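Undergrad: Construct all of the structure, not just a fragment, from the sequences and the given hints.
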Amino acid sequence: MRNPIIIIHYGEIALKGKNRGLFEKRLHKNIHEALSDVDYAGSIRRVNGRVIVSIPEDWADVSYRQTVLQRLRDVPGITYFGVGFEVRRSIDEIIEGVITLMKDVPAGSFKVDTRRADKGFPLTSPEVNQRVGQAVVDRFGLNVNLSNPDTIVRVEIAYTGVYIFCARYRGIGGLPVGVSGRVVAMISAGFDSPVAAYLMMKRGARVYFAHFHSYPYVSRNSIDQVHSLVKRLSDFQHESVCYMIPIAEIQKKIIAVAPPQYRVLLYRRAMVRLSGHIATQQKCEALVTGESLGQVASQTLRNIRVVDESAAIPVIRPLIGMDKDEIISLAGIIGTESISAKPYDDCCSFLMPRQVETWGSIKDISEIESTIDTAEEYEQAINNAEKLTVTNRYAGDIAYQI
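In numbering that gives the first Met the number 0, the protein residues as written are 0 to 401.
Hints are computed from structural coordinates only; laboratory data are not their basis.
Only a predicted model underlies this, so the values are computations on that prediction, with no experimental measurement involved.
Heads up, a few of these hints could be off.
Claimed, not checked - Think about it this way: if two alpha-carbon atoms lie no more than 16 Å apart in a straight line, the pair counts; the simulated EDC-like pairs of lysine to aspartate or glutamate are:
#1 K28 to E336
#2 K386 to E238
#3 K362 to E284
#4 K251 to D137
#5 K201 to D149
#6 K341 to D223
#7 K252 to D149
#8 K102 to E126
#9 K252 to E126
#10 K252 to E376
#11 K251 to E376
#12 K252 to D91
#13 K251 to E336
#14 K362 to E325
#15 K110 to D137
#16 K24 to D36
#17 K110 to E126
#18 K230 to E11
#19 K102 to D149
#20 K201 to D36
#21 K386 to D223
#22 K110 to D60
#23 K251 to E126
#24 K230 to E336
#25 K252 to D372
#26 K323 to E308
#27 K252 to E378
Unchecked claim - Pairwise CB distance ranges (calculated):
#28 R1 to D112: 34 to 42 Å
#29 N147 to R44: 30 to 38 Å
#30 A311 to V46: 40 to 48 Å
#31 D103 to Y214: 51 to 59 Å
#32 F139 to V61: 18 to 26 Å
#33 R219 to S62: 15 to 23 Å
#34 G48 to I151: 17 to 25 Å
#35 R44 to Y216: 52 to 60 Å
#36 G20 to K341: 25 to 33 Å
#37 I319 to T279: 52 to 60 Å
#38 D103 to I381: 55 to 63 Å
Cβ atoms here follow ideal geometry from the backbone N, Cα and C, with glycine treated the same way.
TA: In structure tokens form, the structure reads like this:
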């Protein structure tokens, strides 16, 4: 028996004690969803701290193969995976499987790395390494290099079978989306907020999106770019819901009454309240922003406190200690940098004041808000919000090998 498979490993999930089964079931479900749109008809099963995905006949097609690998690379919770065989618990079957596997591996040095979870297997790990390595040398004439090989032949002896593979593909790691509750991410077309949303997905949160725009007083650039960003981010959680919320009428009310230096803080408080409304609709537990401490004038500690005072639920800031270079670097890794780099009109740029208050006062802001009646505008913003459900899939480059 030699079944072609993908062997998926996870890391943090294995530490979850009594809840481990729930996390494994969610990962299994998310893998199934990730492959659901590529006409995948194979089996997906959980065995001994792994997920085993059978390889379909279409695997011979390079484009199909790269798409499947990319799908798996984008599933939070997967630490790494390999493509190889499942064989019977016999040294002869293991050698036969490795010989078949090595036919497609470029010539060079190699070593065998055996992990024997099932101590009932008659050979020890070093003995398996020696027997398999000798067979490869005899068949292909390759050199053994234990310190820096060109190829590592991996043999995993589990209770349910033996799994062999060579190349390992790096996954996202973290936790499966859906095990940590729901959040609403306030997303703009810039670099920061998409990265913040991604980090929440990596920690297992299901992310809903709220984008605020001032169209038709500014262009639709931000709306179109956010749509593209949500498409890319949907690759990490299969499906996303994004609310495009117009706030120009609220901004006009604020501009008519508030001192110019307070406008941005008042805009932010309005967006937090509207995001809270979406959170209530979707049964979310927190809001997420892309703010980084001190990055711009509105992101001082005092102003963050002023903005948070308007929130009815916690506000999470995954990027709070990161600088711009770190954020852009991560945006490049997850595939949002090229989208965010395009020019756009941010809603906060609508009638932007020359100076912004850097050390706001909750008392002052509350007094200003008490003079502005925006109840009707808030209701209109929610009623006129465009709700988008995005299930578009991304076919990117092949997953990185490690």
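Undergrad: Each hint needs a verdict: does it hold in this structure or not?
TA: Checked hints:
1. K28 to E336: Status violated; Cα separation ~29 Å.
2. K386 to E238: holds (13 Å)
3. K362 to E284: violated (27 Å)
4. K251 to D137: Judged against 16 Å, a Cα distance of about 79 Å means the pair is violated.
5. K201 to D149: violated (31 Å)
6. K341 to D223: holds (11 Å)
7. K252 to D149: violated (66 Å)
8. K102 to E126: Roughly 23 Å separates the two Cα atoms, so the pair is violated.
9. K252 to E126: Since the Cα atoms of K252 and E126 sit roughly 78 Å apart, the hinted pair is violated (cutoff 16 Å).
10. K252 to E376: holds (9 Å)
11. K251 to E376: Given pair K251, E376 holds - Cα atoms ~10 Å apart, limit 16 Å.
12. K252 to D91: violated (78 Å)
13. K251 to E336: violated (32 Å)
14. K362 to E325: Given pair K362, E325 is violated - Cα atoms ~35 Å apart, limit 16 Å.
15. K110 to D137: OK: K110 and D137 at ~14 Å, within 16 Å.
16. K24 to D36: violated (20 Å)
17. K110 to E126: Between K110 and E126 the Cα gap is close to 13 Å, so the pair holds against 16 Å.
18. K230 to E11: Violated - the C-alpha atoms of E11 and K230 are around 27 Å apart, more than 16 Å.
19. K102 to D149: holds (15 Å)
20. K201 to D36: violated (22 Å)
21. K386 to D223: Answer holds: K386 to D223 is near 14 Å, not above 16 Å.
22. K110 to D60: Judged against 16 Å, a Cα distance of about 29 Å means the pair is violated.
23. K251 to E126: The hint is violated at about 76 Å.
24. K230 to E336: holds (13 Å)
25. K252 to D372: holds (8 Å)
26. K323 to E308: violated (26 Å)
27. K252 to E378: holds (14 Å)
28. R1 to D112: 34 to 42 Å: Given a distance of about 20 Å, which is not inside 34 to 42 Å, the answer is violated.
29. N147 to R44: 30 to 38 Å: At roughly 35 Å between Cβ atoms, R44 and N147 fall inside 30 to 38 Å, so the hint holds.
30. A311 to V46: 40 to 48 Å: holds (44 Å)
31. D103 to Y214: 51 to 59 Å: About 53 Å separates the Cβ atoms of D103 and Y214, which means 51 to 59 Å holds.
32. F139 to V61: 18 to 26 Å: At 24 Å between Cβs, range holds.
33. R219 to S62: 15 to 23 Å: violated (33 Å)
34. G48 to I151: 17 to 25 Å: At roughly 20 Å between Cβ atoms, I151 and G48 fall inside 17 to 25 Å, so the hint holds.
35. R44 to Y216: 52 to 60 Å: holds (54 Å)
36. G20 to K341: 25 to 33 Å: Given a distance of about 44 Å, which is not inside 25 to 33 Å, the answer is violated.
37. I319 to T279: 52 to 60 Å: Given about 25 Å between the Cβ atoms, the range is violated.
38. D103 to I381: 55 to 63 Å: holds (56 Å)
Going down the numbered hints, you'll see the structure goes against 1, 3, 4, 5, 7, 8, 9, 12, 13, 14, 16, 18, 20, 22, 23, 26, 28, 33, 36, 37, while the others check out.
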